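Colleague: These are the residues of each chain, in order.
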Amino acid sequence: MPNNQQQEQSQASKSSSWQSVKNDWGTDKQAFDMPWGKLMMWIFLLSDTFIFSIFLISYMNVRMSVTVPWPNPSEVFALTIAGHHIPLVLIAIMTFILITSSGTMAMAVNYAYQGNKKKAVYLMLTTALLGASFIGMQAFEWTKLIVEEGIRPWENPMGANQFGAAFFMITGFHGLHVSAGVIYLAMIAKRISQGKYDNKGYQIVEITGLYWHFVDLVWVFIFAFFYLW
Amino acid sequence: MKEHTETQRVTSNVPQQHPISMYLKVWLLLFVLSACSYMVDYFQFQGMLRWTLILAFMFLKAGLIIMVFMHLAWERMAVKFLLFLPPIAILIFIVLMSSEADYVFISRMVSFFNP
Numbered sequence: 000m001p002n003n004q005q006q007e008q009s010q011a012s013k014s015s016s017w018q019s020v021k022n023d024w025g026t027d028k029q030a031f032d033m034p035w036g037k038l039m040m041w042i043f044l045l046s047d048t049f050i051f052s053i054f055l056i057s058y059m060n061v062r063m064s065v066t067v068p069w070p071n072p073s074e075v076f077a078l079t080i081a082g083h084h085i086p087l088v089l090i091a092i093m094t095f096i097l098i099t100s101s102g103t104m105a106m107a108v109n110y111a112y113q114g115n116k117k118k119a120v121y122l123m124l125t126t127a128l129l130g131a132s133f134i135g136m137q138a139f140e141w142t143k144l145i146v147e148e149g150i151r152p153w154e155n156p157m158g159a160n161q162f163g164a165a166f167f168m169i170t171g172f173h174g175l176h177v178s179a180g181v182i183y184l185a186m187i188a189k190r191i192s193q194g195k196y197d198n199k200g201y202q203i204v205e206i207t208g209l210y211w212h213f214v215d216l217v218w219v220f221i222f223a224f225f226y227l228w
Numbered sequence: 000m001k002e003h004t005e006t007q008r009v010t011s012n013v014p015q016q017h018p019i020s021m022y023l024k025v026w027l028l029l030f031v032l033s034a035c036s037y038m039v040d041y042f043q044f045q046g047m048l049r050w051t052l053i054l055a056f057m058f059l060k061a062g063l064i065i066m067v068f069m070h071l072a073w074e075r076m077a078v079k080f081l082l083f084l085p086p087i088a089i090l091i092f093i094v095l096m097s098s099e100a101d102y103v104f105i106s107r108m109v110s111f112f113n114p
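In order, the protein sequence lines correspond to chains U and V. Per numbering that gives the first Met the number 0, the very first residue in the first sequence carries number 0; after that it's consecutive. Per numbering that gives the first Met the number 0, the very first residue in the second sequence carries number 0; after that it's consecutive.
Think of the hints as simulated: they come from the structure by calculation, not from any bench. Please read all numbers here as calculations on a predicted model, not as lab measurements. Built from N, CA and C at the ideal position, the CB exists for glycine as well.
For lysine-lysine, the following DSSO-like pairs were computed, each having C-alpha atoms within a straight-line distance of at most 27 Å:
id, chain 1, residue 1, chain 2, residue 2
1, U, Lys21, V, Lys79
2, U, Lys199, U, Lys118
3, V, Lys24, U, Lys37
4, U, Lys195, U, Lys37
5, V, Lys24, U, Lys117
6, U, Lys37, U, Lys116
To give an idea of the interface, some chain V residues facing chain U are shown, with a C-beta separation under 7 Å as derived from the structure:
id, residue
7, Ser33
8, Phe68
9, Met69
10, Phe92
11, Ile93
12, Met96
13, Val103
14, Phe104
Put together the whole structure using the sequences plus the hints.
Modeller: Printed below as a string of structure tokens:
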């Protein structure tokens with residue numbers, strides 16, 4: 000078998016350039032040493048990185064070029080809890096919830112590889128529940144901004160109009176990812192408990208985990224650039 | 000060729016086995032880092048100090064999530080290249096767009112406030 004391969008390789012290097020292109024793409028080669036589903040998830044996440052980057056870059060562009068004062072996020076997202084005025088508190092809680100859900104997801108992956116199906120399923124469902132509570136808080140935050148503060152994608156009584164557009168676009172797209180992740184997690188957890196991966200192996204838990212950690216990763220950047228700037 | 004792919008599959012499906020305590024430690028570290036970045040806002044640090052702290056905590060958190068939770072630290076070099084080379088285009092785009100934003104800002108100041 001190795002002899003055959005060497006022959007193929009020497010043939011490929013000798014042949015014309017189009018022939019070499021055909022050989023490189025057409026032969027039975029594996030560049031990335033992982034299951035195809037995992038590689039596809041990585042490539043999807045890479046493309047998603049570009050989408051979120053474009054949103055954040057357009058937000059940066061708009062915020063740097065605006066001549067009207069930008070609302071202070073620390074004040075906009077402050078809450079008064081039990082008589083105390085705490086800046087940015089809801090966002091901080093959301094951040095901790097998402098990090099906790101990432102932790103439970105990482106442990107689900109670990110238990111799945113150990114073959115502990117029950118624990119993996121319960122940890123995945125915990126992750127989904129934490130994700131759902133994150134969406135609930137985001138819905139609360141959006142309602143507060145729309146109903147009480149009167150912020151719209153096209154206007155903003157507190158200052159720069161672009162604030163609404165950037166905020167609803169970026170957090171909305173992230174919230175959509177979290178929602179999709181909750182559905183994805185619940186679906187895979189159900190399929191695992193049905194025993195559909197018993198023969199295939201539990202790589203699927205790691206693939207689901209990659210998606211979920213990515214959602215958390217995006218939030219790290221949104222938290223830094225949108226809420227802390 | 001069949002044999003070849005078979006042997007490859009055996010080597011590629013190496014399941015990630017790490018002690019649970021490693022995940023718990025990273026989790027705790029992420030909590031502390033998040034608390035730190037929240038404190039940056041709570042104590043209202045301003046200027047260069049604020050930006051340095053925000054970016055430092057952000058990159059530390061992102062690095063921990065990618066490397067440990069997403070297991071990239073244990074992947075092969077080819078995978079790391081696949082994931083870290085394309086985002087260089089994003090960095091270039093950030094530089095281009097920030098200089099563009101500066102230009103737009105100056106133009107607006109000149110034309111809006113100097114009739």
